Amino acid sequence: MIEFRNVVKRYRGQMAVDGISFSIAEAEVCVLIGPSGCGKTTTLKLINRMLEPSSGEVLLDGHPVASFEPEELRRGIGYVIQSVGLFPHMSVAENVGIVPRLMKWERSRREKRTDELLELIGLDPAQYRRKYPSELSGGEAQRVGVARALAADPPVLLMDEPFGAVDPLNREILQLEFAALQRKLRKTVVFVTHDLDEAIRLGDHVVIMREGRILQHDQPAEVLASPANEFVRQFVGVDRALKRLACFEVGDYMKRAETITREESFGRRNEPNGDGGEHPILWVTNRDQALVGMLEPELNPGSRLVYRPYVALHPDEVGVRPAASLREALSRILGQGLRAAPVISDEGRVLGEVRLSDIEELNQTGIAR
Amino acid sequence: MKRIGSVVLPALLVAAFAVFVWSEGVRELVLRSMFPDRVSYIYERVTLARLLSQHVALVGVSSGLAAVVGVTLGIFVTRPIGRDFHPIVQDISSVAQTFPPVAVLALAVPAIGFGFAPSIVALFVYSILPVINNTVSGLDSVDPAVIESSRGMGMKRRQILWLTELPLAARVIVAGIRTSLVINVGTATVGAVVGAGGLGTVIVSGLVRDNSAYVFTGAATAAFFAFGLDFLIGRIQNRLYDARSD
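Chains as they are written, first to last, in this note's numbering: chain A, 1 to 369; chain B, 1 to 246.
Same shape as in the complex, but just chain A (with noise of 0.2 Å):
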């Protein structure tokens, strides 16, 4: 979708990108990450001429982007700006609509389309649509930013640390609704930050940068695994096998879960134990197969297995979504010192479990590499 061929950029004899080559797919999520001045936001404003390269060319489905009027291949990809850029001076519809009208949109099918992008980003038209960015919050001028950069319906979404104005609470719900977003909509997206959890979150590819150069572009849990040289390692931090995990969805790693009711825990404190090995939690549920306690073997079991007493649980507490990543599946793990943590649907229905001995296992064979 986007290609890069040898583009060298510089300013007043400065190299801000220094000859480099790759590629991002359609529909994938590419994050140019590094630190400052290593060149991720000239990158990005290569592709829709906002910056015009030294030398090399910038490829857009297999067309240069020097073949293109510039103002038109911009309205033909969605650009969120640094800092919001709303136009201070338009309403939200205004705002969201300005692309259209750029492009001569009747303003019946543009009025349509501007409230269809505010209930996509979650906000009510009625309410939000002759409100002025002044009296947005934070979050809600960003949220208008994306539908902005949506209005058109573009294939390529050009993001430059679209969240980085946001206190990290916001920041966080705001990610989330992104790739939300993003796995309805499916649009080549290429996304600038310097905070390497987002990065993990969004990016199907993270190209890390620095001064110009590309120093690896590799899947996120790829370049945490198996850093491609020093500063890389450094950049991703010593903590990368746990932010590592964030790149893992609960889902993928889910086991069978052993459930029993509440009936028939009663029995269950003291029996034979055939083959002397480790057995699992029994995860007790109600009637309606909501998770409501569990029963824990005592660990090194002898030939007698021998349960814990019963204890009551909440599923929000202990339990994760098949939908969350392994490091928040952890991070439930050891809060409850436990061996695995329930899967839970939205219902509290136990799914399945996940285990601690997995976790490990898949640390340990990314890790090595």
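In case anyone wonders, no lab produced these hints; they're calculated from the structure.
A few of these clues could be false.
Unchecked claim - Here are the simulated EDC-like pairs of lysine to aspartate or glutamate, each with C-alpha atoms no more than 20 Å apart in a straight line:
| no. | chain 1 | residue 1 | chain 2 | residue 2 |
| --- | --- | --- | --- | --- |
| 1 | A | K131 | B | D242 |
| 2 | B | K156 | A | E71 |
| 3 | A | K255 | A | E360 |
| 4 | A | K184 | A | D115 |
| 5 | B | K156 | A | E69 |
| 6 | B | K156 | A | D115 |
| 7 | A | K184 | A | E28 |
| 8 | B | K156 | B | D140 |
| 9 | B | K156 | B | D143 |
| 10 | A | K184 | A | D153 |
| 11 | B | K156 | A | E52 |
| 12 | A | K255 | A | D358 |
| 13 | B | K156 | A | E28 |
Note that the structure is a prediction, hence the values are computed from the model and not measured.
Please build the complex by placing chain B on the supplied structure of chain A, with the hints as guidance.
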């Protein structure tokens, strides 16, 4: 209560003003009560309505020209092609503003002569300065990030100017035009000395004949005209985008 301040009161004032200008009987009554024992109360050579319309023409033409030329110049020096003239224009306009308006008019007479046209030129030259000044500072104060954002949305240069820069700078630009207009209403009275007509005519005549009723007639009419314009443009300004509200 709000409507009384913003609609009823101004309407009443305008009505009173119109009666004062057009009805000589009423005007004589008012003036007689203020200045007893004068030989005459009504300037007999030209009607006050005619003087007022001359005054409106003087102010309208000079300030209209100043607004159009000033805004255009201001836009020009903030474009890439005109950037080089930016400091010169700013310097000239800030120095020139320190001259008193009467001095500008006095200097214009030997250069251009007497009458309506030279007065227009003098008023234009003086009143263009606040317009240029405000246009330049209004456009300069537009956040570069918003312009960058406009570019990123695919606006052409002309669209950036019309859709982003001018709306954002409008309030400051209109403030410049407001200053220019109000100054011109006052300065234009001096135009009578150089034969341009207008409300200055009756003031000058009053001064020569030592008739304070005449002086008051011209001064009060000009003052009301200035207040009215100021009020009107203030209302327009309030509808424009205010950078301070963010």
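Now for the hints, and whether the structure bears them out:
no. : hint              : result
1   : K131(A) x D242(B) : 15 Å, holds
2   : K156(B) x E71(A)  : 6 Å, holds
3   : K255(A) x E360(A) : 15 Å, holds
4   : K184(A) x D115(A) : 18 Å, holds
5   : K156(B) x E69(A)  : 10 Å, holds
6   : K156(B) x D115(A) : 26 Å, violated
7   : K184(A) x E28(A)  : 12 Å, holds
8   : K156(B) x D140(B) : 19 Å, holds
9   : K156(B) x D143(B) : 17 Å, holds
10  : K184(A) x D153(A) : 13 Å, holds
11  : K156(B) x E52(A)  : 17 Å, holds
12  : K255(A) x D358(A) : 9 Å, holds
13  : K156(B) x E28(A)  : 30 Å, violated
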